[in-house]
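S.K.: Each chain is listed here by its residues.
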Amino acid sequence: MATRKDLRGYLSEVEREHPESVLRIKKPLRVAHEITALQRKLDALKKYPIMIVERPILDNGKESKFPVATNLAASRDLCAGALGIDPRRVAVEYDVRVSQQRLDPIRVEKKDAPVKEIIDKEKEIDLLKFPILTHNYMDPGPYIGTGFVTTYDPESGIDNTGLQRLWVKEPRRTGYWPATASHNMQNMKKWWSRGKDMPVAVWIGHHIAGIAGAQTRLGYPESHYPAMGGVLGEPLRLVPTELFGDKLLVPADAEIVIEGYVPKDVFETEGPFGEYAGYLGPQRPSPVIEVKCVTYRKDAIYHGIGVGLADHLVLLGNFQMEARIYNIVKSVVPELLNVFVPVSGCRAHVYLQIRKTRPGIGKEAILAALPVDYRIKHVIVVDEDIDLFNESEILWSVAYRTQWDKDLVIVTGTAACPLDPSLSYPGEIGTRGGIDATPPPPIDLGLPRYFQMRNKTPDDVAARIKLEDFVEKVQIEKFPTSY
Amino acid sequence: MTVEKVGIPKDIWVACPTCKELFYIHRLFYESQFNHLKLRCPFCHQEFAKENAKTWGEK
Chain A
11 MATRKDLRGY LSEVEREHPE SVLRIKKPLR VAHEITALQR KLDALKKYPI MIVERPILDN
71 GKESKFPVAT NLAASRDLCA GALGIDPRRV AVEYDVRVSQ QRLDPIRVEK KDAPVKEIID
131 KEKEIDLLKF PILTHNYMDP GPYIGTGFVT TYDPESGIDN TGLQRLWVKE PRRTGYWPAT
191 ASHNMQNMKK WWSRGKDMPV AVWIGHHIAG IAGAQTRLGY PESHYPAMGG VLGEPLRLVP
251 TELFGDKLLV PADAEIVIEG YVPKDVFETE GPFGEYAGYL GPQRPSPVIE VKCVTYRKDA
311 IYHGIGVGLA DHLVLLGNFQ MEARIYNIVK SVVPELLNVF VPVSGCRAHV YLQIRKTRPG
371 IGKEAILAAL PVDYRIKHVI VVDEDIDLFN ESEILWSVAY RTQWDKDLVI VTGTAACPLD
431 PSLSYPGEIG TRGGIDATPP PPIDLGLPRY FQMRNKTPDD VAARIKLEDF VEKVQIEKFP
491 TSY
Chain B
247 MTVEKVGIPK DIWVACPTCK ELFYIHRLFY ESQFNHLKLR CPFCHQEFAK ENAKTWGEK
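Top to bottom, those sequences are chains A and B.
Just so you know, our numbering puts 205 at position 195 of the first sequence, and the rest follows in order with no gaps.
Just so you know, our numbering puts 269 at position 23 of the second sequence, and the rest follows in order with no gaps.
A portion of the hints provided could be inaccurate.
Restraint ranges, calculated between C-beta atoms of paired labels, are given here [as the list claims (entries may be wrong)]: (1) B:E267 / A:K483: 45 to 53 Å; (2) A:G423 / B:C290: 36 to 44 Å; (3) B:S278 / A:G229: 29 to 37 Å.
As a list, the in silico DSS-like pairs of lysine-lysine whose alpha-carbon atoms are at most 27 Å apart [said to hold, decoys possible]: (4) A:K199 / B:K284; (5) B:K284 / A:K274; (6) B:K284 / A:K302; (7) A:K179 / B:K296; (8) A:K179 / B:K284; (9) B:K266 / A:K179; (10) B:K300 / A:K179.
Computed far set for chain B versus chain A, every beta-carbon distance over 12 Å [claimed, not checked]: (11) P263; (12) T264; (13) K266; (14) E297; (15) N298; (16) K300.
Everything labelled a hint here was simulated from the structure, so no lab data went into it.
Quick caveat, the model's predicted, so the values are computed rather than measured.
Note that beta-carbon positions come from the ideal geometry of N, C-alpha and C, so glycine has one too.
Okay, chain A solo, but in the shape it has when bound (with noise of 0.2 Å):
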């Protein structure tokens, strides 16, 4: 049976094909930080289950009728496979798999649109009464943290998608920070230019192909529909929103729609907010959006985030920064083997792998790195013996294999990504490096390199000597561990 291309569709797929991978939470949980808790708590273990929670509490104390559902994109192998991707190879085969797809959407009548089950206007809209999380200490109240903020702009008419934060502050009024780089910035400022509020429509919860697609990097203006339903493998279905009618078009199938107006020149204080930095970001003057319409399923499902978490990360980020990574370093430096970008950095590391056949390259590696995203700290670059993925083979190659006065490259004065704690004011400008972690090349082909071999097992007895044949499984996974 083909499954829906939604939020819930993916729930099913995953517990059908998947069901260890699913946390179903029975008992009431609050939605003020005691779902992030748990979340957090799981994450600490590196363990990452979809988390749905059935029961939970709202600000008032009462119980939600819609449930939460958490942690949808943090699994690294759990998102690659709802892409068709290899995990270890995401930068090599994302671009071809999801940014490169397209299919153009089509749009249907509001009968066939299962988001306007329900529609509240006006004084029927209570933003509160769905479980928005409150997720960090500091946090002023509940954050959509899984808010896909569409705007269209006011010259071409193109819609535009982009994933930011929005915290309700009333039920008909929340606080919105689009990046100063953002393509929305770009459509707010020139609605503003004309003295007009910006229309706005966020939408919340989809199938999680089809996050990955609305996370596409585009050109301006350009929409991120056909990217979509190019990752879902179908036309995205659209429908005309209340206000807004043909002009601005939101998914069908997305389980919750907000509907308003960012208005002209006003700015109201926002934050301070847990960001996906892993800190907590200081409160700050933003625009806001004056809600005056919300559609919903009957049984909407709220998509959360585990803000700052692997969840922040993995789909929602990390995967495109390796792919685009990967197109444009492979350009200068064809040995480029592989790209990742782990959790562990919140997005400020990169690791590059790479097969050392001349002397430099690692450099070069570094350098055509660096300027690819503006998230980018601290590159290291690793031989093609060390697994990529496994972060402490990353730092004994950096041990043995590198000297600061000869390895290292700093370049001061570059863009910097204004999350970052450690920036003096205004926390424009940085510093960005990386590492060559690599030893030197052979000094020919087929000859071995100027460097010592690392331990080993003779071959022979390596393959001879099983692990299986001398302990069982249960066994091993009861032996002690050491760090």
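Please arrange chain B on chain A, whose structure you already have, making use of the hints.
M.R.: Positioned in the frame of chain A, the structure of chain B alone reads:
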């Protein structure tokens, strides 16, 4: 004011005049465009002018 490593801090610490809890705000609040905005305590939700609160790091 400068601090070790960071230089001029981006963030100004504020003590809420009502509940006395500490939080921090972006230095943008001291720019002319946003100087008039009231702060809002994330703990007790009271709004207040930053001039009425104890702050650290703005100078």
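S.K.: Hints the structure violates: just list their numbers, smallest first.
M.R.: Every hint satisfied by this model.
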